[in-house]
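Number of protein chains: 2
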Amino acid sequence: MKGIISGRAAIKWIFSAGTLGLMSAASLAPAQAPSSSQSPLGLMPLPSSITRGEGAFTVTPAGGGPSTFTYNYGQTHDARLEAAVRRALIRLGRTCGGEVLRSTIDHPAPTNPSLLINVTAPGEPVQTLDEDESYELRVTAQGGTLTAANDLGAIHGLETLLQLATTEQGACVLPVVTIRDVPRFRWRGFMLDVSRHFEPVAAVERTLDGMAAAKLNVFHWHLSDDQSFRAESKKFPRLTEGASEGEFYTQDQLREVVAYARARGIRVVPEFDMPGHGSSWIMAYPELAPAAPIKTLPVVYGMPTAVLDPTRKSTYKFINTLVDEMSRIFPDAYFHIGGDEVRGEAWLADPQISAFMKNKGYTKAAQLQAYFNQQLEEILKKHDKKMIGWDEILDPALPKTILIQSWRGEESLSDGARQGYQGILSAPYYLDGQKSSAQMYLADPVPADTTLTAEQQKLILGGEVCMWAEQLNTETMDSRVWPRTMAVAERFWSPQGDRDVSDMYRRLRINSLKLEDKGLRHISGPETVRRNLLLTRDPEALDVLASVLEPVDFHARSGLQHTNGWTALDRLVDAVVADPPSRQEVAGEVDAIAGNITVPPADPKLQLDLSGDVPDGRVPPREVAIRRLRQRFLSWQSAETRLLEDVQQTPRLSDAGVRAEQLGELAGVGLSSLAFLEGHTAPPPGWQEQQMSTLDAAAQPAALVRFTVLYAMRKLVLAAASQR
Amino acid sequence: MKGIISGRAAIKWIFSAGTLGLMSAASLAPAQAPSSSQSPLGLMPLPSSITRGEGAFTVTPAGGGPSTFTYNYGQTHDARLEAAVRRALIRLGRTCGGEVLRSTIDHPAPTNPSLLINVTAPGEPVQTLDEDESYELRVTAQGGTLTAANDLGAIHGLETLLQLATTEQGACVLPVVTIRDVPRFRWRGFMLDVSRHFEPVAAVERTLDGMAAAKLNVFHWHLSDDQSFRAESKKFPRLTEGASEGEFYTQDQLREVVAYARARGIRVVPEFDMPGHGSSWIMAYPELAPAAPIKTLPVVYGMPTAVLDPTRKSTYKFINTLVDEMSRIFPDAYFHIGGDEVRGEAWLADPQISAFMKNKGYTKAAQLQAYFNQQLEEILKKHDKKMIGWDEILDPALPKTILIQSWRGEESLSDGARQGYQGILSAPYYLDGQKSSAQMYLADPVPADTTLTAEQQKLILGGEVCMWAEQLNTETMDSRVWPRTMAVAERFWSPQGDRDVSDMYRRLRINSLKLEDKGLRHISGPETVRRNLLLTRDPEALDVLASVLEPVDFHARSGLQHTNGWTALDRLVDAVVADPPSRQEVAGEVDAIAGNITVPPADPKLQLDLSGDVPDGRVPPREVAIRRLRQRFLSWQSAETRLLEDVQQTPRLSDAGVRAEQLGELAGVGLSSLAFLEGHTAPPPGWQEQQMSTLDAAAQPAALVRFTVLYAMRKLVLAAASQR
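In order, the protein sequences belong to chains A and B.
Take the position in the first sequence, starting the count at 1, then add 236; the result is the number in this note's numbering.
Take the position in the second sequence, starting the count at 1, then add 236; the result is the number in this note's numbering.
This is chain A alone, in the form it adopts within the complex (with noise of 0.2 Å):
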């Protein structure tokens, strides 16, 4: 408590409740005392070290009466600091029902405040890869002590305290807990693609508000590629004005973002993607590449031709000046270079790039590459920037100052390693991968079998999420991004042997409100794209519908669709989430019923994901599992028939018949089983092969969805099929 500054360092925050209307629920049966000390927490990521104790402090009473949040300061605190306070403390509220107070006139210093925050020292003008992001957070009855060495830690340490904070029997409180915290890794990134579509700053700045819930530090913003370039260049205008359909950052507005970030402990690391993916800088500026003018951005996604010339002088004229204009608008010690699927016969088919390349020596594409990287580096070192890129920077040539981004996977990143390259991971993180939270929860960069050495270990600095934006939009964004997203910071950051999937779900589900909540739109994003779907019609049965349905992965619905940048993105697909909870609601309930039950693989071609086949909670007892099982299935029975209309009324449903009708046979196939179950009768020769196969068509692709409930179904069906 030493060193309390009074003055504008002690602002008083109030939390007073219970005013409002003329009939309060006070006529309502007393609340009960809060006795949250066995109730399990909902951290996430889960901190290094947790000790709990007996009580809690409470913030609000039950009931609503009137309460005090105040805090103060120990050694020093600066702007970005009490920044950080005030919106915890205003989130703080909204768990707690009370009114904030906020006052702008000076208070005294209380001398117990009900948290005290010390801080050793600001963070870094810049933040950096080595800060310190550790912070011990305190809980006592009488209130809570947030220590950290800096900004930081700070920041992180308030996440957490909002997290602790849980209401029991309408109080609000604070569980008395010690907590010790520092991550795991030291880069937890999560990377935008804003090129294929555009996403505005709201958007990416509600992204930035999920990433600091989740402790992730590293916003990697993919600003340019083939469709277009995003971020205003007033050195080269016609970036965005030829090549960006009007869709682009403003200088102000990136630096709105980047200071946003900073805010909330976040660097942000731009990348302009080069010598590949660059049609939107050749259109724009057709002296930088090789071969004819581009007239138009490509619409086709995948490998266009159209590469830099890594020959002229004049195209590491322009990227200087580029960097140079950049680095003054992102301050962040690392630049993103992209480097990634280069096609290098656009260099091949070229005469004086290949007179360039026999002249040198080179017989390859990829050592041309390896030569513009060079050239790169330089002009990124002039600029006091380290260079960042895909696994096809890695090259014996480049100084071990670069660090590699793995999109090829594990075993491309250790490679880097045992050749002396810092790296971080990204194959796993693929959210277009449409993988369940529980498999990208596993994937580890540094897996507890490695064979890596303990030094090359020390190498990889950690993993970065991609959101890849061809099959994205923003009213889809955010149910593509969050609640897994989380999951994934939580293996950034969390002890290498925090692999509990089932408790990982429950904490999941919590956060998933929470950062709701916060702003961001994962839950209710998509039932307005539902209703939107359906307009006049009642979205009730297609709720239904999508609650067991995820979109199929990037690569299948490539093939599918053929989607391109003219697609809209407002099918049945797009209403639907990945990994939603009727996946582990379902696994818990026949767990109930069919725990003892062994699936026999499925068929290989159907390449099923099980791993988020688990209950998200405690499994319910087996008669209130049944129960809610057989309202489960009559909801799909219901649903069908509706479901068959809204599909035939609506031209955007034109593809989604065959899942409406597949839904109904699914309640078929669980109504019976659980009529063998609860009769204690065996089904009838065929029963089960006929079970099966409904089950097994309904695995097959359609409408760009899958069906999240099969593996529970075809437990349970194995489960009646065992009656004797």
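Think of the hints as simulated: they come from the structure by calculation, not from any bench.
You may find that some hints are simply not true.
[Said to hold, decoys possible] Think about it this way: if two alpha-carbon atoms lie no more than 25 Å apart in a straight line, the pair counts; the simulated DSS-like pairs of lysine-lysine are:
{"no.": "1", "chain 1": "A", "residue 1": "LYS471", "chain 2": "A", "residue 2": "LYS618"}
{"no.": "2", "chain 1": "B", "residue 1": "LYS553", "chain 2": "B", "residue 2": "LYS531"}
{"no.": "3", "chain 1": "A", "residue 1": "LYS470", "chain 2": "B", "residue 2": "LYS470"}
{"no.": "4", "chain 1": "B", "residue 1": "LYS754", "chain 2": "A", "residue 2": "LYS754"}
{"no.": "5", "chain 1": "A", "residue 1": "LYS553", "chain 2": "A", "residue 2": "LYS594"}
{"no.": "6", "chain 1": "A", "residue 1": "LYS622", "chain 2": "A", "residue 2": "LYS470"}
The structure presented is a predicted model; accordingly, all values stated were derived computationally and were not measured.
Could you slot chain B onto chain A? The hints should help.
Frame of chain A; chain B shown alone:
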């Protein structure tokens, strides 16, 4: 078809549907041929003239087969119209389920375009009050022709085209029709207060989207008030630095909004409220005021005594500089100077101002305000601006060019007209009055029984819907504004005789859903607020309760809650919407059973607005109505228990318990009424009184909300009681 321009004018839009997935809805029963000629249209506002024909133009055939929608221009077109057409066709694609193929490559001009757009000339460089807004839209089985004198009319016509498009049996059609349309009033405005609570640019722009759909043409932006000054001034930076809490529009953003509005046929009239409501000005520049400097922005709403000093030359110099600066951003001919609620006592208390008044022979503050306005008018004239202000600016000393906006009501408006002043009506259109769509719809700026002469009537230019923001934030805004504003927009646009409230509600429901599809959040926003209120608890029961509640009006809420600048607007009242569909639905269902029953007037103290208690479509058959009502009452009953638990667990719902209990009691009243009605038995003595007393208790104020179904339920009880 003469004069078709080829080249860039003839970009082709192609909808190709039915290419998704492996299986399609083709396996379903074949869709029947559309027969749209008989189904009622959903146009809003109603056009001044409409003639329907047989058949329809098919945009997308049933079954989702590929189709092509092309467009072309007649004599001329400009970039604004081109952008409007592109936006419209993207939206048509959403309704019709096609993929919109956008090509930047020139196509040959289609010889028979699906839509031919004939515009004689572009609009004025700055949209004027007198600009022609009429259009003609003709649809035959072969396609449509949209004819207008200028862009404005065409932009309105495109909105009508979008409202015409419907899906029938899986086909998307435009019914054969000829519409000739011209607005009744020239000034059809919407005012948004962004001072009491700030709205980000994205929220402003989606509001403009809604305005365009409603054919409103003036966005009145209330940019300053006591609580803040929201428009960046480079001449007077302290206005936003010190008096905006960091939330304001940069000049770039202001210009962006003006451009966004212009693209949609909307003028932007900025309001800088003076000399009253001036705390923010005076806090930033104390020399503007006679009294002591202001240290903080007022947290309590009302009429602070902060008033500009009209006796100092420096005040006018300041205003002149500000008007000059803002005129460069806002090109509209009108400039709103506020002028309302001036606390004259601040002037009278100041010796120097008193002396000035004495010298001028003024005995009342109103005379000094008239003097102030005369100086202001001179300044505005110098900048080619016409003055608009609230009722208080009306004074014979002012020239007849000023425009009076009436918040005081019809009588005040008529007074102005009788004195020869132009006026617009706002008093009946205050959205925070929480009146029904019907009540606002029926209020007419020039009612049929007006006592104004024909010449005086011409002085009434129209009206403005007003959204004040003391009790508003970004989460709740859309649901306070929409869909009610669309009902008022029809009053401003459509013929005086269109007053069928029931049909208005039918069309309002359709267009409300279309607005949500356009990106407004008036339906999904409150859903999200409710989910966030409960967080990890299922919001279903709260949804049921909210569906039959609406907010109390501004004054009731202010009185009960003492709402101020610190109040967190996140209670039950902020999770319910004004005039929800439940009122019309229950009214229709009860009408089917008890249409012949007359309800005696309720206690006048209850101040019930019954204008919205009408069916919003056809009254269902009696048996259907009974079934729906029973389902409704059962859902209320089952919601009660869950709600009481929600309330007990959720601090922010602490005041909602009484409404939960009453919902259960209303269910009891409804179910027992249905029992007597179905059994054709008379209820026992005292039953009716008991039910009525339950209904009266539910009409008492609580939790800042009121029930929407009480009038219909009185009718139901009386019908049951009338059984013999």
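Each hint tested on the structure:
1. A:LYS471 / A:LYS618: holds, 19 Å
2. B:LYS553 / B:LYS531: holds, 24 Å
3. A:LYS470 / B:LYS470: holds, 23 Å
4. B:LYS754 / A:LYS754: Answer holds: LYS754 of chain B to LYS754 of chain A is near 24 Å, not above 25 Å.
5. A:LYS553 / A:LYS594: holds, 23 Å
6. A:LYS622 / A:LYS470: holds, 24 Å
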